[in-house]
Structure formats: C-alpha cells, structure tokens
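Produce the complete structure using the sequences and hints provided.
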Amino acid sequence: MSQTWWRGAAIYQVYLRSFADGNGDGIGDLAGLRSRLPYLKDLGIDAIWLNPWYPSPMADGGYDVADYRGIEPVFGTLAEAETFIQEAHELDIKVIIDVVPNHSSTASAWFQEALTDREARDRFWFRDEPNDWQSIFGGPAWTQVADGQWYLHLFAPEQPDFNWDNPAVHREFEDVLRFWFERGVDGFRIDSAALLFKSDTSYEDLDEVHEVYRRWREVADEYGDRVLIGEVWLPDQERFTRYLRPDELHTAFNFDFLACPWEPAELRRVIDLTLTTHAPVGAPPTWVLSNHDVTRPVTRYGRADTTFAHGGRLHGMPSDPELGHRRARAAALLAMALPGSVYVYQGEELGLPEVEDLPDEQRQDPMYHRSGGTNRGRDGCRVPLPWAGDEPPFGFGSGEAPTWLPQPESWRKVTAEAQSADLGSMLNLYRTALAHRRDLLGDGTLTWLTMGPDVLAFTRESGLTCVSNLGTAPVPLPPGRVLLTSGPLEDGALPSDTTVWLTSLA
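The working numbering puts the sequence shown at residues 593 to 1098.
Quick caveat, the hints were computed from the structure, so don't treat them as lab data. Hints should not be assumed to be uniformly reliable.
Claimed, not checked - Listed next, with one range per pair, are the computed distances between beta-carbon atoms:
hint : residue 1 : residue 2 : range
1    : 1095      : 816       : 32 to 38 angstroms
2    : 649       : 766       : 22 to 28 angstroms
3    : 1015      : 816       : 36 to 42 angstroms
Don't be surprised by glycine CBs; every beta carbon is placed ideally from N, CA and C.
Structure, rendered in structure tokens:
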C-alpha cells in the first residue's frame, strides 16, 4: 500500500472480547483473531482497528487501562500480539490500535502511587473540593479517596483522568506511541481525543490539546506511513476539522454521518458539510455506520426514529427487522461509495441486530449500572459473533464456557457460515462491494446528480455512479451498467430504500 493508504482504506473494527475465542473460555482473544485473519482477508478490508487490548480490570471494556505497554492476559501475550501484527502484514492488512490518553485505571501503577504519595497526584486531577461536573456515564464525576481529596473521572470511577498540564504525562504517551510503532503497529485510534485538557469551567476541545497532537504527528512521521485517527465528538464541524490540519491528526471519525437519520435531505446536508469542511485542510472524510458504542444499523434503521444519540439510545422502540435490513444494505453501499475511508464494525457485515433483551444481571456496561438501569448501555452491540453451527456459541469458541454475553438462538440464520453459502446475504454484499470499492472508489471527490428530492445520486472519478432511493416509489435508473444493488430492481427501476452502483456504458 502507498504511504497514504489510510486516505481511502476500508477499516474493520475488532472488539476483541466478542470477535473469536481461541481457548474456550467464552471470551474473544488474539488466538481467535489470528484464526480468522483469512476471513478478514476474504472480506476485502485494508486494515484492522482493535479496541484496547491492554491489561485492564475491564471496568469499562478495557478502556480503563492499567498498563499501556502490555497485553491483557485474557487476550494473550505481548509476543502473540507481535505475531498477530506480523501475520496481518503478511496478508497486506494494516493494524491500528486504540490509545486512551484522557484517563487511566485505578489499578495502574501511577494511580496506586498517587493514593499514598500526594506528590505523585499531579499526574491526575486531584482536588480538595470537587465541582459540579457529572460523569458522561452518569452520576458525579468525582470520587473521594481515604485522605479526603477527590479525583476526577469523566467516565467511570475506575477511570481517573490524567492531568495533561503535567509534562510527565506528555512524555509517557509519546513513549507509548514509540513502543507500539516499533512493534509494527500502523496507527492509533485516539479515544476521547478532545477531552484531555481541563479548565475551571470546561473539559472539551480546549486549545491546548492541539499542541499534543502536533507533537504526536511528529512522532508518527518518524516511522513513515503511520496514521493517527481521532475520536472527536463535536457538533461544530469547523472546530472538528481543526484536529485535521496538516500537522495534526490524519483523520477523525465522522459522527455526524453515523448519527444521521435515514432522510435524504439530512444525509445530503451532512455529506456536503463533511466534504466542504474537510477540503480546506486536505484531510479525507471517514464514513461510519456503527461501532462498539452505537445501536446496530439493522435495528436503528428499522425504527420510526432512525437517529442515534448516546443519551437517548431508544432501547425498546419497535423496529421492523425487514425494513431495517433493507435500509442497512442500502446505507452500506452509500457509505462505501463516498470519497474517503470507510469503517465496518464487526458483525455489521453479517447484518446482526442489536440484542436488546439481555438479562439485566449479565449486563456489564457501566452506563447501565451508573444510570440505575435507565440507560440500557452498549452491551447489545457487543454480543459475541456467530461464526457457524445451529446453536450457541455458534463457533465463537469451543463451547467449554458460555460466551461472556449470551447470543440469541435466532442467530443460527446469520452465521458467517450460513451467509457464505447465500449469494444474496449481507456478508456477500459486503464482500462484493469491498472488492469493487478497492478498484473503483476510496479517496477522491464526487459530483452530485439531480434525480429528485428523495434520491441521493453522484458519480466518482472512476465513472461509478451511486444512486440511493430514500423515497417511497421506485425511480428510473440513470444510464449505465448495473454493477451491484443492495436489493432487487423492480422492472428496471430502483425501489425504495435501495442503493445501486452503475458503471459507464463503455
């Protein structure tokens, strides 16, 4: 791949605990992931992004990091991680890992030292009196320690926030980047990238954060074709793209697109705004339909309200599975055709629904527990993948131990094995689309076509035309040879909630 491989890459997100279990303990691990690398190669992705694999008490699914230079023993060993990176590279698959710079774990050596040595506390946010900030997960953002002081945690109490006014924190993370770059990692996805610095009144998007990423960019550039990807949730697109200036991050997640309703005018607005704001900084857009924090598209698109917001996940709202499946297929082809890079969250290619009926006693997300159960949390999109067979664990592991979250019995119909044999399956749609995308799409620009208010249609430099019909009636196709459709045509016309890719007649 070129040194700008990330500009148009198809990147597959692996939530390691739920991807594949290699040792039969019911929890996904590196052995399971390594065994499924041929599947990912066949799917047609360019890179894998892994959620945190570091040693962790798992108070927040690994985002409470105890040691940034190791591997959680449940997942494997550092040597196995290095072998995985090598094996992925042999298949021409890049490896991106999470880094979590906003907060650590109460189990980390630094925080344990801070509990007994007040001079060590300056690496975190300790105060004699807390303010009124609330945790993003619910409840107060401050916890008191034995000697009366309080520490800040914007997320769970087990996740103390670092103090980025302390130079030692800067040095620590620059060293962490180098540690993994030297082991072959191709990039980092930066968790909660806009939250590092705090003032007396704010903790989001303070100007000082940009100096951190300028320095990180210098470190990444020392290693060649490495990429820095920001998780930046900001409503202001102009401030969002400040993180993408040529000397800062390479790309950042486009959450406006992810949260957008299945409505033509709003999707067109978000796409146009994304392209317009990215162009001046020369950064490629990213297109994301789901991730480990978000209601799965098949469920979300089947609802009357197709938006997404963390504070209102709409758990339990009726969802039409057939409608959701049709729209999810159409949305996948739309997202893959847009200029820039695209992300696929594990199970998205299988059309998995959100699991909304998990037993309360098995839910592990701190969002659920800290909200007193009013927010059902994110466990429903983290259920272990179904690979094969007619009953749980569906090839996820050996079955020696139950999966860490239970799988629905109905998933026998959507296993990777079952879908591989079905040419019309979601899995084969993704395989075909990603193969065409590598040749015809990726980085670049688009030219809009006018086909009415309910239709999104555009052409790309390769001559491919993408048409998505979000209206209620079929629409005639523009000139071209049909390359791929998300669903059957109706007498040569494009039905509602369907996307088609066409190539030039020549």
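Okay, the hints, checked on the actual structure:
| no. | hint | in the structure |
| --- | --- | --- |
| 1 | 1095 <-> 816: 32 to 38 angstroms | holds, 35 angstroms |
| 2 | 649 <-> 766: 22 to 28 angstroms | holds, 25 angstroms |
| 3 | 1015 <-> 816: 36 to 42 angstroms | holds, 40 angstroms |
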